Every structure is written in structure tokens, then in C-alpha cells.
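Protein sequence lines, in the order shown, are assigned to chains A and B.
Numbers 0 to 145, taken from numbering that gives the first Met the number 0, label the letters of the first sequence in order.
Numbers 0 to 509, taken from numbering that gives the first Met the number 0, label the letters of the second sequence in order.
These aren't lab readings, by the way, just hints derived from the structure by calculation.
Nothing here was measured: the structure is a model prediction, and the numbers come from that model.
Take these hints with a grain of salt, some might be off.
Which chain A residues face chain B? A few, computed with CB under 10 Å, are given here [said to hold, decoys possible]:
1. Asn40
2. Gln66
3. Asn67
4. Asn76
5. Phe80
6. Asn124
7. Phe125
From the three backbone atoms N, C-alpha and C, an ideal C-beta is built for every residue, glycine too.
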Amino acid sequence: MKLAISLFTFFLCLIQIFLSKNPPLLSQTEVDLIEQQQRMNDYPPPYFRLANIFEKRPESRLFFKLQNNFFAIFNLNLLPFILVPIILIGFFDLIKNRNYWYILFLLIIPTITLTFTGPNQTWGNFCLLPFIIISTINGLFSFIKK
Amino acid sequence: MACFRLLKNNLLLLLILGFGLFLYTYHLSTIPSGVYVDEAVVGYDAFSILTTSKDHFGKTLPIYFKFFNAYTPGLFVYVETLFIKIFSLNAFAIRLPSAISMLLVGIGIYIFLSQHQILKLKYSKLIAVFIFIITPWTVFNARLGYETTFAFALLSLGILLYQKPTLSFFLISLSTYAGHTQRYLAPIIILIIYFIFYYKKSFKPLIFAAMIQLPNIILLFTPAFWVKNSSLTGLFFTQYLSYFSPLNLFNNQDADPQRSIPLLALFYGWMFIPWLTGLYCLYQRRKTPVYFYLICLILLIPIPAAMTYPSFSTQRALPLLLPYSIIITIGIDKILSYLPKLIKIILMIIIVFLSLGLLWRSYFILFPAARATAWNYGYHQLSNLISLNPQKHFIVDNSRGQPSILILFWQKYSPISFQKENPFNKNYYQDVNSVMNMKFANVEVRPINWQQDLCKNQVLVGDGLAISDSQISQHYLTKLFEIKNNQNQIILQAYETNPVKKCPQTIKQK
């Protein structure tokens with residue numbers, strides 16, 4: 000069962016990567032370049048080197064891009080209000096019961112996938128769907144037990 | 000001797016607080032650039048109270064200050080009079096009370112964590128205070144000059160000192176005289192504390208807290224008390240959820256540019272992991288009273304903010320900063336307790352340098368330039384230019400702002416003279432109409448009247464939208480000066496009229 004769900008989620012992640020139409024992580028639009036130049040102009044002259052590190056270096060740009068992509072996944076307003084506490088409790092119960100296999104394959108690997116592929120996917124972040132379903136069921140069981 | 004021992008035992012805490020004081024007062028007069036209208040009105044009213052015992056509308060020692068029809072609880076204004084007395088009316092004096100307020104909350108967090116066995120590691124309390132001090136949400140609010148931070152401090156100290164119920168309820172009740180949000184939160188929080196910790200024990204702290212509310216109860220039956228209720232909204236559940244969304248807390252800035260730091264959210268991105276870990280710890284230990292207390296605070300504090308427009312107001316939800324900071328600390332403590340000592344030290348050094356680097360970049364470099372217009376930069380220069388030209392008459396356009404209070408603030412215009420020139424009617428708490436147009440010295444603040452104003456010798460002042468290029472050529476206006484921001488954009492421009500050319504008939508008649 001565990002292996003089947005994990006393989007299924009892994010397969011979903013591959014489809015997510017394949018279907019992703021987002022531009023490469025380090026690409027910049029004209030607007031991005033203008034804003035970058037504006038920010039660099041705001042640094043005082045003694046700090047131009049730091050300006051280059053923070054604004055222009057590919058490592059910095061990659062860091063900020065990955066951060067934006069990561070948090071775009073956790074937009075709670077995409078979920079029905081009533082499900083959020085149930086999913087959270089289901090997730091906490093997975094941790095409490097040491098279901099690390101599920102957490103790794105249902106949450107961590109899809110999150111890493113979506114962080115690198117980016118938000119605004121054509122069919123949404125469907126590789127996280129198994130995690131949402133399992134956590135919701137787990138959360139509902141916790142409520143019923145108590 | 001006892002004092003020396005106290006200093007020695009708390010040396011690290013004092014160093015952290017000293018760093019906090021430096022962070023909150025470094026270039027305090029110039030960052031944020033300009034003085035926002037809400038800061039100016041609080042500062043000028045404090046100056047007016049100090050000089051005349053009346054606000055600038057002429058009301059003697061009001062409980063709520065009319066300001067821009069907000070009828071804001073006025074305790075902070077009275078506190079500011081002390082700072083203005085010492086430092087005079089300027090940006091530093093009006094912002095310093097907020098800096099001190101945040102440092103006091105840091106001390107409160109240290110005391111709270113010392114009294115409870117929440118944290119495993121010895122230095123976690125100090126980490127808690129340090130993390131709180133450098134959090135972007137804290138830094139932003141520690142460096143502004145209106146009432147929200149002071150109100151947050153009073154409420155937070157009341158929450159943290161709950162083990163002394165009389166003091167706790169006193170502080171929480173008092174916070175209702177400092178901020179609007181606290182008026183709704185204070186009764187909820189007092190009842191939470193009472194029912195969790197003091198149920199079926201003494202009623203006295205509750206009675207004492209209720210007695211402090213007498214002035215509020217008297218004003219409950221005036222329109223001034225309810226003036227903020229016009230922003231109630233029906234989108235409650237969506238807005239409520241937004242105060243728990245990691246996207247809003249750790250990545251996105253506030254949509255209002257005046258309330259945000261460029262490219263920095265309320266918390267640093269790395270704080271998401273300890274925040275989630277802290278929530279898990281809270282869930283695990285939810286039956287323990289102090290953890291249950293924290294859970295109640297997290298669930299109930301966003302309610303008043305979620306009931307009002309705009310969605311996700313970082314100002315109205317400021318009280319959430321306290322429980323979230325404690326949760327993040329619990330998470331950090333939990334994570335660090337699993338790591339070997341060397342990894343702990345390396346990780347903390349990386350996190351501290353990363354956080355301070357991001358803060359320096361976003362707040363001290365980008366913020367002054369990018370948010371200058373939002374913070375009303377340019378009015379200090381305008382006030383100086385008006386003072387240098389006392390013989391000229393200025394019409395300052397107020398179609399998109401409240402420039403009158405900014406000019407009054409920067410000129411330190413005599414409140415006695417202003418009250419004489421702009422008498423307000425006696426129904427201070429009944430008349431909730433806005434007072435937009437004002438006149439004092441050689442300045443009139445009102446919309447430009449393109450029919451009448453051009454036929455008098457005067458100077459028209461406005462932003463880029465107030466006076467267009469076609470109007471300049473059509474009405475024979477001559478540029479007197481312009482004020483630009485750091486990005487070379489025009490903020491304000493002033494033009495002299497030419498009645499001889501524009502209104503020759505009127506001149507002939509005269």
C-alpha cells in the first residue's frame with residue numbers, strides 16, 4: 000500500500016515536471032531587469048559590491064526564486080476553509096505516528112518538485128493531491144476517535 | 000550589589016536589548032523617509048496638548064482624538080508629549096516611544112519564557128528575544144510614530160504577565176485607550192485568561208479592569224466610538240484564513256506600500272520551518288494550560304482583523320506577532336535540541352547573518368527610496384520653502400492626501416494660532432464629518448479652484464497629477480520649485496499664477 004501510493008505520487012511528480020510550462024528559474028523578463036537595475040541604483044556607492052551579490056548573482060536570484068515558488072505552494076486560500084484545520088491535524092498525526100515514509104513521498108518530494116517547476120501550473124499542483132487526501136482522511140479519523 | 004549581580008546574570012540579554020535599541024534608532028529621523036500623515040497628526044496633536052492642553056481642533060484633553068475622523072484612542076498622544084518636551088517636535092521624538100515599546104515586549108517575552116518550562120535549551124530564551132527583535136514585522140513597527148506599536152506593547156505585556164492577574168488585566172484594559180483593535184481584543188483576551196487560569200477564583204481583577212473602561216462606556220453612546228465600523232466586511236472566512244497563510248506571513252509583502260518593506264514579508268522565509276514545528280509542539284501539548292492559552296490567542300486574535308477591510312492588514316493583526324514569535328521560538332528550540340553543538344552554532348550564525356543581511360538590504364537600503372512617496376517624503380522641504388517665502392500665499396492641493404497636518408508638523412506651527420484660525424464646533428464626539436480644508440499663516444489647504452485661484456497672485460502646489468502640462472501653458476503658470484524623490488520622480492511642484500495675463504479684466508477693475 001505504502002509503496003503503491005509512493006510510486007503513484009512519484010509518477011505524478013514526473014507528469015507535473017513534464018507538463019510544466021514555466022520559464023527556466025534564472026530567466027528574467029524586461030520588467031525584472033528594470034526593477035533589478037532600480038534596486039541596484041538605490042545602493043550607496045560603497046555597497047555596490049554587495050548590491051551585485053544581492054541583486055545580480057545567479058545564486059541570489061535562484062535563492063529568491065525558489066523561495067517565491069516554495070511559498071506559492073502554501074496558499075491556504077486555494078483550499079476550502081473547513082479543510083485547513085483537518086489537513087493540518089492529519090499532517091500532525093502523521094508526524095506523531097512516525098509515518099515518515101508518507102511525509103517524504105507525499106509531501107516533501109512533491110514540494111521539492113513544485114519549488115523547482117514553479118507555481119501557475121496548467122492543471123494546478125496535482126502532485127500534492129495524494130497528500131491532501133491522506134491528511135484529510137487522517138484528520139477526520141482523529142476527530143472521530145476523539 | 001544586587002544591581003551588579005542582576006546586570007552580570009543578564010549581560011547577554013542587555014547586549015541583545017542594546018543591539019535592538021541600536022537597530023530601532025539608527026537613522027530614525029530619516030528611515031522611513033518623510034513623516035507619514037498618521038505620524039504627523041499624532042505628533043502635532045501631542046505638541047498641541049503640550050502647548051495648550053487642547054488638540055488641534057481645540058478640544059481640551061480628549062479621550063479619543065478626532066485626527067482624520069478616526070477618533071483614535073489617545074493614550075499614545077499623551078505619552079508622546081513627554082518625548083516632544085525632551086526632544087522637540089520632530090521625526091525622532093515621535094518614533095522613539097515605539098522603539099522603547101518593542102524593547103519592553105522583548106523583555107516581557109524573556110520573563111514569560113523564564114517563568115514557564117516551555118524551552119529545553121538554556122539559551123533559547125535569549126534566542127527568542129533576539130529573533131523577536133530582528134523580525135521584519137517588529138523592526139517595521141518599532142520605527143513608526145503612531146499608536147499601533149504602543150497599543151500592541153500594552154496588550155502583549157498584559158498577555159505575558161497573566162500570572163499577575165491584576166497587573167495583566169490592568170494593562171490589557173489600558174490598551175483599549177491606545178488602539179482601535181485592542182478595544183475588540185481586550186475583552187476576549189481577559190476572558191480567555193480568566194477562564195483558563197482563574198475560573199472560580201477571585202473576581203477582583205475583572206472588576207478592576209471593568210472600572211478602567213468607564214470613559215469608554217460613556218463614549219460608547221457617541222458616533223465617535225463606532226466610526227471605524229464602516230469597514231466591516233462579509234468576507235470573514237477568507238480573510239481569517241489569510242492570517243495563517245504561509246504565503247502572507249513568510250513571502251508576500253503587505254499590499255499597502257506604506258505598510259510594507261520591499262521584498263521582505265512579516266517574517267523571514269526560514270522561520271516557516273520552526274513555525275510549523277512550533278505549531279506541532281502546541282498541538283502535541285494542547286492539554287497543558289499555557290499551550291492551550293497560546294492556541295486560544297492564535298485562533299482569536301485574527302478575528303477583529305478578519306472582520307474588517309482591507310484583507311490581510313498587518314497593522315490590525317499586529318497582536319498576532321507575539322504568539323507567532325513564541326511559536327517560532329518553540330520550534331527553533333525543538334529543532335536545535337536534536338542537533339549536535341557544532342551544527343547548532345554554525346546554523347545559528349548562518350541564519351543570523353542571512354536575516355540581518357536581508358533586513359539591511361530591504362529596510363535600510365531599498366525601503367527609504369522605494370517607499371518615499373508612500374511615506375509623504377517631500378513635505379519637509381515644502382514646509383521649509385513656504386517658511387522662506389512668507390510674503391507669498393500658497394494654495395496646497397489636497398485632492399489626494401492630507402498635506403495640512405504635514406505642513407503644520409514640519410513648521411511646528413503654533414497650535415494657539417491654528418486653533419484661532421480654524422475654530423471647530425463644540426460637538427467633538429458627535430460631529431464625525433471630516434475636516435479637509437484648512438487655512439493658517441500664508442497657507443490654504445484645499446482643492447485648486449481653476450476659476451478663481453488664477454486671478455490672484457499666489458502659488459499653487461500639488462503633486463504630479465494636480466497640475467498638468469496643458470494647465471501650465473493654458474494658465475500662464477511659472478514654475479517656482481519642484482521636489483523630487485531619490486528616484487528622480489516629481490513628488491510636489493509649485494507654480495506661480497500670472498493674474499495680469501490670465502485675468503486682465505479683473506486687474507483693470509481693481
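Could you tell me which of the hints above the structure violates, numbers in ascending order? 6 and 7
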